[in-house]
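J.: One letter stands for each residue in the lines below.
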Amino acid sequence: MEVRKGLLYSKEHEWVQEINDSVVRVGITAYAQDQLGDIVYIELPAINAEVGKGDPFTVVESVKAASDVFSPVSGTIMAVNETLEDSPELINESPYDEGWIIEVKCDDLDLSDLMTAEEYALYVEEV
Amino acid sequence: MAAKTPLYDKHLSLSAKMVEFAGFLMPLQYTGIAAEHQTVRSRVGIFDLTHMGEILVSGPKAEEFLNYVTTNDVSKLISGAIQYSFLTNEAGGVIDDILIYRVPEGFYLVVNAANTAKDYQWLLSKAPGGVTVQDLSQSTALIAIQGPNALPVTEKALEAELAQLDYYHFRDLPYHGEQIRVSRTGYTGEDGFEVYLSPQLAPRLWDELIAVGLPYGIQPVGLGARDTLRLEMRMPLYGNELTEEESPLAAGLDRFVVFDKGDFIGRTALMEQETAGISLKLVGFVLRAKGIPRHGYNIIQGGRIIGRVTSGTMSPSLQKGIGLGYVDSAHAKAGSIIEIEIRRQRVPAEIIKGRFVTKK
Numbered sequence: 000m001e002v003r004k005g006l007l008y009s010k011e012h013e014w015v016q017e018i019n020d021s022v023v024r025v026g027i028t029a030y031a032q033d034q035l036g037d038i039v040y041i042e043l044p045a046i047n048a049e050v051g052k053g054d055p056f057t058v059v060e061s062v063k064a065a066s067d068v069f070s071p072v073s074g075t076i077m078a079v080n081e082t083l084e085d086s087p088e089l090i091n092e093s094p095y096d097e098g099w100i101i102e103v104k105c106d107d108l109d110l111s112d113l114m115t116a117e118e119y120a121l122y123v124e125e126v
Numbered sequence: 000m001a002a003k004t005p006l007y008d009k010h011l012s013l014s015a016k017m018v019e020f021a022g023f024l025m026p027l028q029y030t031g032i033a034a035e036h037q038t039v040r041s042r043v044g045i046f047d048l049t050h051m052g053e054i055l056v057s058g059p060k061a062e063e064f065l066n067y068v069t070t071n072d073v074s075k076l077i078s079g080a081i082q083y084s085f086l087t088n089e090a091g092g093v094i095d096d097i098l099i100y101r102v103p104e105g106f107y108l109v110v111n112a113a114n115t116a117k118d119y120q121w122l123l124s125k126a127p128g129g130v131t132v133q134d135l136s137q138s139t140a141l142i143a144i145q146g147p148n149a150l151p152v153t154e155k156a157l158e159a160e161l162a163q164l165d166y167y168h169f170r171d172l173p174y175h176g177e178q179i180r181v182s183r184t185g186y187t188g189e190d191g192f193e194v195y196l197s198p199q200l201a202p203r204l205w206d207e208l209i210a211v212g213l214p215y216g217i218q219p220v221g222l223g224a225r226d227t228l229r230l231e232m233r234m235p236l237y238g239n240e241l242t243e244e245e246s247p248l249a250a251g252l253d254r255f256v257v258f259d260k261g262d263f264i265g266r267t268a269l270m271e272q273e274t275a276g277i278s279l280k281l282v283g284f285v286l287r288a289k290g291i292p293r294h295g296y297n298i299i300q301g302g303r304i305i306g307r308v309t310s311g312t313m314s315p316s317l318q319k320g321i322g323l324g325y326v327d328s329a330h331a332k333a334g335s336i337i338e339i340e341i342r343r344q345r346v347p348a349e350i351i352k353g354r355f356v357t358k359k
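Here the protein sequences line up with chains A and B, keeping their order. When we follow numbering that gives the first Met the number 0, the leftmost residue of the first sequence carries the number 0, and every step to the right adds one. When we follow numbering that gives the first Met the number 0, the leftmost residue of the second sequence carries the number 0, and every step to the right adds one.
Treat the hints as calculated values from the structure; they're not laboratory data. All residues carry an ideal CB built from backbone N, CA and C; glycine is no exception. Accuracy of the hints is not assured; some may be wrong.
Keeping only pairs whose Cα atoms sit at most 30 angstroms apart, straight-line, the calculated BS3-like set for lysine-lysine is [said to hold, decoys possible]:
1. B:K319 with B:K358
2. B:K75 with B:K260
3. B:K3 with B:K117
4. A:K52 with A:K10
5. B:K280 with B:K319
6. B:K289 with A:K52
7. A:K4 with B:K16
8. B:K16 with A:K10
9. B:K260 with B:K60
10. B:K319 with B:K332
11. B:K75 with B:K125
12. B:K289 with A:K104
In silico negatives: residues of chain B with every beta carbon more than 12 angstroms from chain A [as the list claims (entries may be wrong)]:
13. Q120
14. Q272
15. G301
16. A329
17. T357
Residues from chain A that face chain B, not an exhaustive set, calculated with beta carbons under 8 angstroms [to be verified]:
18. G36
19. D37
20. V39
21. Y40
22. V58
23. E60
24. V62
25. K63
26. A65
Based on the provided sequences and hints, a complete structural model is requested.
T.: See below:
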C-alpha cells in the first residue's frame with residue numbers, strides 16, 4: 000500500500016496535505032481504502048461547516064459497512080470534492096489525488112502530532 | 000481460536016481478506032465485493048462454505064422425528080430430493096433455516112454455521128429412541144460453484160453429466176476414490192452446485208475447479224459477495240431476517256410451513272398467528288435517493304417508527320440501496336413509500352414485491 004511522501008498522517012488513517020499556511024487538504028490513506036473495500040457511497044459535509052479535531056466529518060460506505068472519517072484538524076470546511084458524490088470509487092482508485100475529500104481552513108495550523116510518511120508506514124505495519 | 004477450513008492456505012495465497020465468522024476464519028473478499036458479485040451474475044464463482052454444518056439424522060423413526068421438529072412436510076420429500084425447512088421452537092420462532100436431503104442412510108441436514116452446535120443439541124434433546132443424530136461437520140468440506148457457467152465447469156471438474164440434475168436435487172458421485180455429494184442448490188439466485196466432500200479432498204477439487212474454470216472466467220468469491228448476492232434475490236439470512244423471535248410466517252415464508260401434516264413443534268403458536276394475523280411482516284424496499292440502509296436502522300412512515308431494517312446494502316446490480324426489514328403489517332403493502340432513517344436523514348424508499356433483481 001502506498002504511503003505518499005510529503006503528506007502527514009493521523010492514527011485514524013487520514014492524510015493531510017498543506018495547501019498554504021492555513022489550508023489543508025484531507026483524505027483517507029491507501030491502507031484505509033483497502034481495509035474498507037469497494038467504496039460505494041460518501042456522505043459529504045457542507046461547505047462552511049465547522050469541524051473539530053478528532054470529530055467525524057463524513058461517512059464513507061463500502062458494500063459491507065459504514066465508517067466514520069475523523070478530522071485530523073480543527074477549522075472550517077472550505078471545499079469538498081463533489082466529484083465523489085457520483086464517483087465514490089475514486090477514493091479506492093486514487094486515494095491521494097482524485098479521491099481527496101475536504102479542504103479545511105485551520106483555526107490554528109498545528110500539525111505537530113501527526114505522523115510523517117515514514118512514521119505512518121511503520122505504524123501501518125504494526126496494526 | 001477460530002478454526003481454519005481445509006482451503007485456508009488457498010485463501011491466503013489468493014490474498015483474501017480473512018474474517019472470523021461463526022468460529023471460522025473465512026474469506027470476506029479476494030479482489031473486491033463488487034467484482035466478485037459480478038463474476039457470479041455473469042460467469043462463475045467458487046465459494047468455500049466449509050463453515051456450514053452437516054447433521055445426519057437416521058434410524059427407523061428418523062422421518063417421523065424430523066416431521067415433528069421441522070415445519071415442512073418431510074413425508075413429501077422423495078429420494079434424491081432436497082427440501083428447505085425450518086426448525087422452530089414452541090413459540091414458532093426460527094431456531095434455524097435448513098436444507099434436508101433424503102439420502103440412502105437417512106436425512107442429511109445442512110445448517111447455518113453459527114447454529115450447528117445449537118441445532119445438534121436441540122435435535123439430540125428431542126430425539127426419541129430409534130433416532131440417531133450425528134454431527135458430520137468436522138469431517139465435511141463444502142465448495143459451491145455458482146453462476147451461469149457453473150454447469151460446464153462442475154461437469155468437467157467432476158467428470159460427470161449434471162445437466163439432468165434438477166434444482167433442489169442431489170447425486171452421490173465417485174471422486175478420486177471417495178463418494179462425494181453434489182446438489183443443485185445455492186444462495187445466489189444463479190444456477191449452481193454445492194459439493195460436499197472430505198476435508199482431505201477439498202483442496203484438490205478447489206484447484207481442479209479453478210483449472211477447468213479459467214476459460215469460463217471462474218473467480219473465488221468471499222462471504223461479502225455471498226451476502227449481496229443473496230440479498231438481491233431476497234433470500235433471508237439467519238440472524239438478520241430469521242431469528243428465534245420471528246416466525247417463518249412473519250418472514251413471508253409460509254409455503255414452507257405445512258399445517259396439515261400433523262403435529263410439530265411450534266404448530267400451535269404458528270396456527271394462532273395464522274388465525275389472528277401477524278403483527279410484523281418482512282418487506283423488501285428500494286431507496287429512491289442516495290444512501291445505504293443497514294441492519295438496525297429505523298423504518299419510518301408518517302413520522303412514526305413502523306419497523307426496523309434487518310439487512311441492507313448497495314445492490315451491485317441495481318446500483319441502488321436495497322434492504323429488508325420488519326414493519327407493522329398494516330404498512331407492508333407493495334408500492335407504499337416509507338423512509339429509512341440513515342444517521343440524521345430520512346431517505347425515501349418504496350416497498351417492493353418479490354426479488355430485487357430478476358433472472359431469466
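J.: So which of the earlier hints does this model not fit?
T.: none
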